[in-house]
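Student: With chain A fixed as given, assemble chains B and C onto it according to the hints.
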Amino acid sequence: MKLLIKNARLVDGSGEFGNADVLVEDGHIASLAGGDAERVLDAGGRWLVPALTDPHVHLRTPGQETKEDLATGLAAAARGGYGTVVAMPNTEPAVQEPEQVRALLDEARTLPGARLMVAAALTKNQEGKKLTPAALLARAGAALLTDDGRTNEDAGVLARGLVYAAAAGLAVAVHAEDAGLRGGGVMNDGPLAAELGLAGNPPEAEAARIARDLEVLRYAARKAAALGHAPRLYLQHVSTARGAALVAAARAEGLPVTGEVTPHHLTLTEETWRGFDARFKVAPPLRTEGDVEALIGALERGELSAVGTDHAPHTAAEKERDLENAPFGIPALELAFPLLYTELVERRGLPLPLLIERMTTGPRAALGLAPARLEEGAPADLMLFDPAEKRTVDPERFVSKARYSPWAGRELAGWPLLTLVAGREVWRDAALA
Amino acid sequence: MRFKARVLEPAEIERALRRIAHEIIEKNKGAGDLALVGIHTRGIPLAERLAALIERFEGVRPPVGMLDITLYRDDLSEIGVQPRVRETRIPWDVTGRPVVLTDDVLFTGRTARAALDALVDLGRPKRVYLAVLVDRGHRELPIRADFVGKNLPTSKSEVVKVKLRETDGEEGVELWER
Amino acid sequence: MGALRHLLDFAGWDRARVESLLETARMMEEVLERPMKKVPALKGFTVATVFFEPSTRTKISFELAARRMSADVVGFSGAGSSLAKGESFKDTLLTLQAMALDAYVIRAPVAGMAHQAARWLTGAVVNAGDGRRAHPTQALLDAYTLLEELESLEGKKIAIVGDVAHSRVTRSNAELLPLLGAEVWAAGPAGLLPERLAGARLSTDLDEALADADAVMVLRLQRERMDEGALPSLREYVAEYQVTEARLARAKPHAPLLHPGPMNRDVELEGALADGPRSRVERQVRAGEAVRMAVLYHLLVGRAA
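Residue numbers (my numbering), protein chains in the order written: chain A, 1 to 433; chain B, 1 to 178; chain C, 1 to 305.
So here's chain A without its partners, still in its complex pose (with noise of 0.2 Å):
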């Protein structure tokens, strides 16, 4: 069946191309020309730009599926804009071997929401020791190889999961702090922490970790090197100054270093801790003003080069436990696009294709994916938003479990009304006739 999407603004990563009527057929773009189709569709003027590609979520399955499950956050997914996620495999039990990678691709094609790739454990049961079988994982279709939820402590584990990771094609993602500097702390330590009396997670112990990891990594380029392999290091979250800066030169340098950035780290400080409430609670913390400056520099000059939301769902009521005993996370798939539309483009003036990019081609890269691209023959993973219908953040109407936001009650400009993934139609807000 074809679908014509006329009258719609084509923006993506490369630039803006005024309006077009696009053919999507076959899962793939027919036609940037118009065309006959079963189905019209009248865009308004809106924005078409590509699905937006989201390298680190938490699904929560198997084992914790009343925080989240694979129908309620592809959907969430979907509603949010996103054509593919890539879910994080600290789940119960750790998925580490290839079958349960194949099994949760499985169930995701019978499920109408984003697109799932599928991160699997680094170490076995992400303990930081032993390494899975990083090319059976890739064989069964794994995108990503990585411990996250936890540390990596160990460099000698870490310098040869890149190596193995590497030969099997795939990155390996960190979520690079220092245990020990981290300590117990629940927010940015710094005099805010010690003024509220609560325990502070260092911006060094962020910096730290990566410092090392970049050692790590420059230290695995080279054993991988002498077989012709290029290891590829992922660097989730980065929320620090220093670590941006750090990220950068790197990259500069041409170590094969990916920098994210979460929409949490881009748009909130630890001033909102001033009202002591866990849904602000995420690891690493929200930091000061002068680190979102930086971060947002970052993602401009494409040092940091992915935005990942780390949606990390949990129920509402562990939300309102006690700040220590509250868990880490902020669910963000279903705003991450409205608010960075909001707060970047719409009140910072940041190049909405440059947005795009970051959102897309960034985070695709990393994970060895060709970028989104609005031209004939590429797959059909389009989202059309508004960017003028302001709404207010509502987290009861959540499709994700997490029925709660550190945003709720904002008012924010951009939201997906219709998401495709290879042509299929995932999302459609009411608001579209």
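Just so you know, these hints were derived from the structure itself, not from any lab. Keep in mind that a hint or two might mislead.
Claimed, not checked - No more than 25 Å apart at the CA atoms, straight line, and that leaves these computed lysine-lysine pairs for BS3-like:
hint, chain 1, residue 1, chain 2, residue 2
1, A, Lys401, C, Lys90
2, C, Lys37, C, Lys59
3, B, Lys163, B, Lys150
4, C, Lys38, B, Lys126
5, B, Lys126, C, Lys37
6, B, Lys156, B, Lys4
Tutor: Just chains B and C, lined up with the frame of chain A:
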């Protein structure tokens, strides 16, 4: 609020107090053991003045104390404004003495009721009298004054303002319409 | 300033509010001096003490304060470990709320729990100590005791000594005492000092902090700090930071000595000092009752309409 009438001039207040002092001495058969307790705010200068008058007539000055009834009010769980708790200071033993409670105006009787409760928490007086400058009627409790400066029939919409030199810088009793 | 709805910390307080509360406390102390130590002011009100962390002294002090004012008192004590397991914290509060209580006196092991409770409850919340964050009634009773000794705190140097980083007592005093004009110094070992504490000057030099101090407040040293590695050696602590008669010679003559209790004699302070003429520890206990009566009065009366 609208001014209606001047009810007592300073000299009339003075006369009323002198009369009350005499009545107290008469009723108590002298000033022996007698003590006065003024209820915040204007009951306190009235108690002081009565004590001075009794001293003038009898040569003995009865001790004076001050009593705040805030913590004994019967409406604390209902009111929307928080009353300030003021000082209660009765630096002599209440037990066994005749005590004259003094206040400026007797109205519903609720203040006097609270003052009685407060007083008996401080000891066991031999007998308690109530002396007021003005009794304006409209009692809501079975309470009456033993000594009254002036009985002043009022309507409920009227307000009796007592002004004393010690607390207000001027002297007089006025009737106002709410 | 508007009416006081909760007592969580001293954010938004001004000097007038502090002085008004301490004035009420002085009136309440008069009640405690009577043969009949009870007034009917809070008849018909119900106060819950909700303790997620054990503290016999504070609980007794609050319960007594409430009873002196004729409030009904109910108590809940839950072990801190149950907090980790599930949602018992909020559930407990909501269960109590269903019983139509007027005030909740909450002691909790983690900073911010009193604020969280205030978000969920319609009644008044009194923070009886939440983690390292705040212990406002302790600071009020300290201020009350200090004012009695020093008459005014304007320009007075108050030295707080010990485990400052983990001390809610210090945080609350650093918020409160400067409102009354005091200059607060906090001294302790480097590992037990925060990097900054608004309202206090920090020093690792005990002698500097004690020099010409008008009053000295000694904090309890929690032994678990040693297990956490925050304090390397008890022997070193005692040598460097124990408040002794000799070191107190640097403070003003007769400078009063306060301690929030319970004391580790011969750890944070020389044992004999606790019973010596400078000690105001017993005075603090009675001041605590009067201050808590005043706090309940200020929170509960005038809340209607």
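Student: Hint by hint, note whether the structure agrees.
Tutor: Verification of the supplied hints:
1. Distance restraint check for Lys401(A) and Lys90(C): the Cα-Cα separation of roughly 20 Å lies within the 25 Å cut-off, and the hinted pair is therefore satisfied.
2. Taken as a hint, the Lys37(C) and Lys59(C) pair is honoured in the structure, with Cα atoms around 19 Å apart against an allowance of 25 Å.
3. At roughly 15 Å between alpha-carbon atoms, Lys163(B) and Lys150(B) fall within 25 Å of each other, so this suggested pair holds.
4. Taking the CA atoms of Lys38(C) and Lys126(B), the gap is near 22 Å; set against the 25 Å cutoff, the hint holds.
5. Only pairs whose Cα atoms come within 25 Å are accepted, and Lys126(B) paired with Lys37(C) is accepted, the gap being roughly 21 Å.
6. Only pairs whose Cα atoms come within 25 Å are accepted, and Lys156(B) paired with Lys4(B) is accepted, the gap being roughly 14 Å.
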